[in-house]
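Engineer: Here is what each chain is made of, one letter per residue.
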Amino acid sequence: MPPIAPETATPKSAALEIDGLIAGYGQTRILEGVGLTVPAGGRLAVLGRNGVGKTTLMATLVGQTTRHAGTIRLGGRDITGLDSARRAAAGLGYVPQTRDVFRMLTVEENLITGLKGGPRDRIETAYALFPRLKERRRNGAGNLSGGEQQMLSVARALLGEPAVLLLDEPLEGLAPVICDQLMEALTGLSMTVILVEQQIDRALEFCRDLVILDRGRVVHSGPAAAARDDHALLERHLGVALMA
Amino acid sequence: MTAAVTKAPAGATAAAITAIPPRPSRAFRDAVAVALIAGGGLAAYWIFPEDLGLLTRILATCLYVLSLDLVLGFCGIATLGQAALFGTGAYAAGIAAVHLVADPILLLVVGGVAGGLMALATGALVLRAHGLTLLMLTIAVTQLLQELANKLRWLTGGSDGLSGVEPDPVLGLFRFDMYGRTSYLFALAVLVVGVVVAQRIVRSPFGLACRGVKEDPLRVAALGGSPRGHLVGMYTVSGVFAGVAGALTAVTSGIVGLDSLSFTWSAEALVMLVLGGAGHLYGAVVGTVAFMGVHHVLASTNPFHWMLFIGLFLMAIVLFAPGGITGGVARIAGLVRRRAP
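Chains as they are written, first to last, in my numbering: chain A, 1 to 244; chain B, 1 to 341.
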């Protein structure tokens with residue numbers, strides 16, 4: 001299946017290109033030939049109903065599933081055969097759905113693990129983005145609230161200075177005020193972002209491009225702004241319509 | 001916990017979290033711990049002058065159990081083969097002392113290098129496995145080395161042990177005396193240095209990543225780290241510590257026996273670590289002192305039934321303080337901090 005590029009994508013400066021990706025868990029296939037391109041500095045929302053393969057797509061991009069076919073190129077470089085660690089070193093940052101902070105480490109120690117050997121004073125940039133974390137720097141990460149854990153997870157991923165940041169439902173379970181804080185921080189980022197999110201309105205507002213997955217395939221791609229007004233499209237693929 | 005917190009109103013969540021005060025900095029706690037170990041060691045020197053032999057053995061064992069904590073407590077590597085690394089260091093230092101050098105510090109270096117190399121070689125192989133398989137492989141390595149030491153009688157002394165380890169004075173100044181004073185103070189100095197180095201290692205980005213591997217290897221990989229590389233690295237570091245502990249035992253006791261490569265010695269280290277609390281760094285010291293102290297007192301008080309009391313003691317700790325002695329103390333300290341105004 002040829003890759004479906006959002007209309008605004010410019011393949012020559014693509015940060016991430018996925019072509020014919022078939023992947024899953026063991027012999028079970030979840031993704032059935034996903035193809036998409038994200039331009040450098042672009043923001044792509046990946047939407048879909050539950051169980052269509054959004055999280056599997058993210059996990060496949062970071063090398064944590066079984067890939068059966070297809071290629072993944074990061075900044076023009078084929079990273080398909082690399083393991084998770086090398087993909088991260090190549091420039092993929094990942095914030096998983098489960099907010100996998102190291103619960104036994106303090107906030108600051110969690111951030112240190114994200115430095116990839118870089119200077120320790122770079123942690124201050126994370127504190128500048130999320131001042132709340134500086135207040136909590138000596139607290140155990142397991143004692144943080146859900147929102148603070150999510151901030152920590154995002155901040156730790158950012159410290160690795162990824163070329164492409166993958167965010168898997170970062171707003172899940174968070175109070176609206178915390179969602180606002182997190183989205184405000186993310187809005188200031190200049191890197192390429194792929195966002196999987198159930199809060200469709202926030203995702204479409206944050207991202208420039210959109211793909212919708214269904215049964216492991218891309219069934220729609222295009223500008224996010226156009227989709228915001230296309231209630232029929234959202235109703236058809238997601239079963240919801242945004243409030244005016 | 002996350003779900004419960006995130007469903008609460010934002011204000012309430014913030015208030016609840018604010019109520020948890022941060023712990024004192026790690027650097028402060030580390031400094032206090034080192035001061036306690038050094039101070040306690042010096043106090044024991046004055047209080048128990050007749051038991052310096054036993055106390056020296058306890059100090060060397062502390063370093064040995066500390067080496068196990070580095071892999072089990074901080075990396076989650078289940079091993080019953082730590083004696084392989086300890087014994088390698090002990091025999092390397094012992095053989096070097098008999099044939100090559102007699103400087104005690106050089107002998108520690110020899111033991112540490114030998115333990116580290118053995119850990120690197122065996123770790124690269126056995127750490128491909130997990131769980132029960134890994135456990136069996138570590139036991140197998142120990143058994144192989146013990147049998148090798150037994151067969152190489154011309155070099156190791158076989159079942160008679162390697163004797164004739166007579167180190168020179170420490171720094172050319174302090175001769176190893178028959179009362180064991182120099183041995184004890186030398187062992188205390190080595191332990192303190194070992195603890196400080198271990199602190200630096202576990203607080204370093206490498207050490208933190210190792211703890212991350214213990215908690216979630218996939219997450220470490222997604223952050224760009226190599227889980228297996230970190231495990232082999234820490235296993236090697238642990239080998240250096242165990243090797244130095246073995247060399248220290250050889251230097252201070254003057255003999256190396258096959259028991260230094262025994263399965264029992266590995267198992268005892270595990271018991272002492274569980275007793276003190278794995279993953280706390282100081283649990284190794286506390287557990288070793290508690291186990292060997294209680295062992296000594298009970299064995300001299302009741303030579304026939306002391307094992308029964310040791311068993312009851314261990315059961316009480318495991319049942320009522322699952323995190324070991326240091327884990328129990330940390331839990332109580334946490335409760336006190338939360339209740340403080």
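No wet-lab data here; the hints were simulated from the structure.
Think of the CB as a built atom: it goes at the ideal place given N, C-alpha and C, for glycine as much as any other residue.
Hints may be right or wrong, so weigh each one.
[Stated by the list, open to error] Okay, the calculated beta carbon distance ranges per label pair:
hint : chain 1 : residue 1 : chain 2 : residue 2 : range
1    : B       : M307      : A       : D121      : 16 to 26 Å
2    : B       : A316      : A       : K134      : 50 to 60 Å
3    : A       : G117      : B       : A333      : 48 to 58 Å
4    : A       : V177      : B       : R338      : 22 to 32 Å
5    : A       : Q97       : B       : F48       : 55 to 65 Å
6    : B       : I255      : A       : K134      : 30 to 40 Å
7    : B       : R331      : A       : G117      : 55 to 65 Å
8    : A       : Q97       : B       : L319      : 17 to 27 Å
9    : A       : Q97       : B       : S204      : 23 to 33 Å
10   : A       : E135      : B       : D177      : 23 to 33 Å
Engineer: Taking the Cβ atom of E135 of chain A and the Cβ atom of D177 of chain B, is their distance within the range 23 to 33 Å?
Structural biologist: 56 Å Cβ-Cβ, so the 23 to 33 Å window is violated.
Engineer: If I claimed the Cβ atoms of G117 of chain A and A333 of chain B lie 48 to 58 Å apart, would that claim hold in this structure?
Structural biologist: violated, 34 Å
Engineer: Quick check on a hinted range of 17 to 27 Å for Q97 of chain A and L319 of chain B, using CB atoms only.
Structural biologist: Once the Cβ atoms are compared, 37 Å apart, the range 17 to 27 Å for L319 of chain B and Q97 of chain A is violated.
Engineer: Using the C-beta atoms of Q97 of chain A and S204 of chain B, is the stated range 23 to 33 Å upheld?
Structural biologist: holds, 30 Å
Engineer: Taking 55 to 65 Å as the stated bounds, is the beta-carbon spacing between R331 of chain B and G117 of chain A within them?
Structural biologist: violated, 35 Å
Engineer: Starting from the range 55 to 65 Å, see whether the pair Q97 of chain A and F48 of chain B falls in it by beta-carbon distance.
Structural biologist: holds, 57 Å
Engineer: Does 22 to 32 Å hold as the CB distance between V177 of chain A and R338 of chain B, or does it fail?
Structural biologist: holds, 26 Å
Engineer: Would you say the C-beta atoms of I255 of chain B and K134 of chain A sit inside 30 to 40 Å of each other?
Structural biologist: violated, 55 Å
Engineer: Has the hinted range 50 to 60 Å been met by the Cβ atoms of A316 of chain B and K134 of chain A?
Structural biologist: violated, 43 Å
Engineer: Taking the beta carbons of M307 of chain B and D121 of chain A, is their distance inside 16 to 26 Å?
Structural biologist: Between M307 of chain B and D121 of chain A, where Cβ atoms are some 55 Å apart, the hint is violated.
In this structure, the earlier hints numbered 1, 2, 3, 6, 7, 8, 10 are contradicted, and the remaining ones agree with it.
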